[in-house]
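**Q** Each chain, written out:
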Amino acid sequence: MPTQELLSPKLQERIKELMASYPKPQSAILMALHLIQEELGWVPEPAQAQVAELFGMPPQDVTTLVSFYYMYHRKPVGRYVLKVCKSISCYLCGSQNVIDHLEKKLDIKMGETTADGQFSLVGSECLAACTGAPCLQVNDRFYENCSQERLDELLSRLRGGDSHFPPANVSWQPPKES
Amino acid sequence: MPHPQEKRILFGWRDIKDIGSLKVYREKGGYDAWLKLLKEKQPAEVIELTKASGLRGRGGAGFPTGMKWSFVPNNLGKPKYLCVNCDESEPGTCKDREIVEHIPHQLLEGIGIACYAVGIQKAFIYIRGEMYEGYLSLKKAIEEAYAAGLFGKKIGGSDFECDIVLHRGAGAYICGEESALLSSLEGERGFPRLKPPFPAVSGLYACPTVINNVETLATLPPIFRMGVEEYAKLGTDKSKGTRMVSLSGHVNNPSNFEIELGKVNFKQLIEDFGGGMRHGKKCKAIIPGGASAPWLTMEQHGEVTLDFEAIAAARSMAGSGAIVVMDEDTCAVGAALNLVEFFHEESCGKCSPCREGTQWLTQILHRIEHGQGKMEDLKLLDEICESMLGKTFCPLGDSATVPVSSSMRYFRDEYEHHIKEKCCKVGPGAKKTAGV
Ligand SMILES: Cc1cc2nc3c(=O)[nH]c(=O)nc-3n(C[C@H](O)[C@H](O)[C@H](O)COP(=O)(O)O)c2cc1C
Ligand code: SF4
Ligand code: FES
Chain A
10 MPTQELLSPK LQERIKELMA SYPKPQSAIL MALHLIQEEL GWVPEPAQAQ
60 VAELFGMPPQ DVTTLVSFYY MYHRKPVGRY VLKVCKSISC YLCGSQNVID
110 HLEKKLDIKM GETTADGQFS LVGSECLAAC TGAPCLQVND RFYENCSQER
160 LDELLSRLRG GDSHFPPANV SWQPPKES
Chain B
609 MPHPQEKRIL FGWRDIKDIG SLKVYREKGG YDAWLKLLKE KQPAEVIELT
659 KASGLRGRGG AGFPTGMKWS FVPNNLGKPK YLCVNCDESE PGTCKDREIV
709 EHIPHQLLEG IGIACYAVGI QKAFIYIRGE MYEGYLSLKK AIEEAYAAGL
759 FGKKIGGSDF ECDIVLHRGA GAYICGEESA LLSSLEGERG FPRLKPPFPA
809 VSGLYACPTV INNVETLATL PPIFRMGVEE YAKLGTDKSK GTRMVSLSGH
859 VNNPSNFEIE LGKVNFKQLI EDFGGGMRHG KKCKAIIPGG ASAPWLTMEQ
909 HGEVTLDFEA IAAARSMAGS GAIVVMDEDT CAVGAALNLV EFFHEESCGK
959 CSPCREGTQW LTQILHRIEH GQGKMEDLKL LDEICESMLG KTFCPLGDSA
1009 TVPVSSSMRY FRDEYEHHIK EKCCKVGPGA KKTAGV
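The listed protein sequences correspond, in order, to chains A and B.
Per my numbering, residue 10 is the first one in the first sequence, and the count goes up by one each step.
Per my numbering, residue 609 is the first one in the second sequence, and the count goes up by one each step.
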């Protein structure tokens, strides 16, 4: 595929705007890579080359960044990336059970994607949701207190096409009644 | 609902419906403290007042905030910057996320106060990439604040101007270290930098820079609302005010709590706030300040109060305020291995004592944990820790030795048991050789 088609003109415009918001344009590179991943689902090499050109950076410098920062996917991933926290609070509360259960239910190992392209399973360090241990992220959303029942619910909701599950939890929503 | 024994200053407004919106925040009187300072006080007075409040950094090191600001020179003829550290990735810590998701305007007001005090016209919020909801919450809050004339030029009718740029990280614990954060914000890999020069003189883009934690900044508006003298009455002589603690692990009610410094001990925290230990088990060990803090034990340290000095006197540190609780069934070797693996995974690889040291520590703990350790390994662990301490480029390397040295300090018998009996001394792992 010719590289021009990878980054849409609109995306290129957004990236140029971002570059202008910093005293030094290169500061915008992480944000630019996030935008690319949002649009393409991962950061393919031709896209790295094209963004390098926009920033006037050698392509290998962008590649180095993409591998330094864990969040960028260097290969295609499933529609839902399940990122399971393995750090201390989650470890103490059974993150290994979460991993075992998901591996069994999805019939894949950590680091793999299901054949239908729906789920990828990856490990993560602390996700800053330690009081909800064991926890995971479904793409960008948090899912906490992952008992087997809650994991089963998650998988059945996502398989059933409920792509808004788990619900976002942002501040302008009313606080939980208690 | 706040816990009845909490002392809510920072979180005073946390549970107000829609407090994340500018409308409700303003109705409550939000931004008034800052706008009043703009009208009535000189920047230097704001620095003095912040010093008088006794506020100390909540990011890990506990450095006095007002003093940090006073180190920024005014005469370099360069722009000055504020970098807000919202990289929160220290295992066990999850209070900054609650702040940005729920009270984003309080953080923005705190940023305004800091910028006015130091004469800064541009602030960058470095938010870790995984905190997408927090990012959206802040993005919306910033848009609202700009639309209301609270950022930009001529703020509140004064001559003061200030801009905010929201910046997402992309996953790397090391970027929470302040100099690595600067490298990352400049579009490089997150490698720590040599100090001196210190960021106060030469930080972002080689300009004078203040780096503050989210909680530190979000505490400023309530401090100025209630008055610095009132705030300084809270806490102890050297640890003033309140702070957030993230209580996690084997307790019934893991949660973020705001406590008055020096007024609650670990026993009370676990029993009264945490609802006691899960399944009625006994508490074995406590990590009192995030993964980088040396372990304590309930037996010896239950009465230690939560403040910077008391925890330091117990040979640990208050760090990020994350308190991780382990019950009696936890294998000390397994938990130490988990922590060391974290540091190994997150070592940026720039210097060899840390890059290789974390690798060795992981390998040795791994073989002890899996019944293949030798007695000499214990000495080897000591030696590796020794060879890393104080010899790494940034504090991460020191931190990596902490779980090993502190767990060996209190639970050496478990290491020995693992080596001799090839199984855990406690918990489910102990059953493996039952009857042998
Ligand atoms: C490896 C490492 C990771 C750190 N991570 C964070 C972090 O995620 N958030 C934070 O505020 N401070 C973190 N710090 C501390 C910062 O370097 C810095 O001291 C702090 O942001 C200063 O803000 P304060 O004075 O308001 O506490 C980290 C330090 C080290 C050595
Ligand atoms: S101590 Fe570790 S994290 Fe710090 S610079 Fe060296 S390798 Fe990087
Ligand atoms: S340890 Fe799992 S979210 Fe922090």
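Treat the hints with care, as some may be off.
Claimed, not checked - Here are the simulated DSS-like cross-link-like pairs (lysine-lysine), alpha carbons at most 25 Å apart as the crow flies:
| hint | chain 1 | residue 1 | chain 2 | residue 2 |
| --- | --- | --- | --- | --- |
| 1 | A | LYS19 | B | LYS748 |
| 2 | B | LYS803 | A | LYS33 |
| 3 | A | LYS25 | B | LYS803 |
| 4 | A | LYS33 | B | LYS649 |
| 5 | B | LYS761 | A | LYS25 |
| 6 | B | LYS649 | B | LYS615 |
| 7 | B | LYS636 | A | LYS19 |
| 8 | B | LYS982 | A | LYS33 |
If you're looking for bench data, these hints aren't it; they were derived computationally from the structure.
**Q** If a hint holds in the structure, say so; if it does not, say that too.
**A** Going through the hints against the structure:
no., hint, in the structure
1, LYS19/A x LYS748/B, "22 Å, holds"
2, LYS803/B x LYS33/A, "22 Å, holds"
3, LYS25/A x LYS803/B, "33 Å, violated"
4, LYS33/A x LYS649/B, "33 Å, violated"
5, LYS761/B x LYS25/A, "23 Å, holds"
6, LYS649/B x LYS615/B, "29 Å, violated"
7, LYS636/B x LYS19/A, "40 Å, violated"
8, LYS982/B x LYS33/A, "54 Å, violated"
Of the numbered hints stated above, those contradicted by the structure are hints 3, 4, 6, 7, 8, listed in ascending order.
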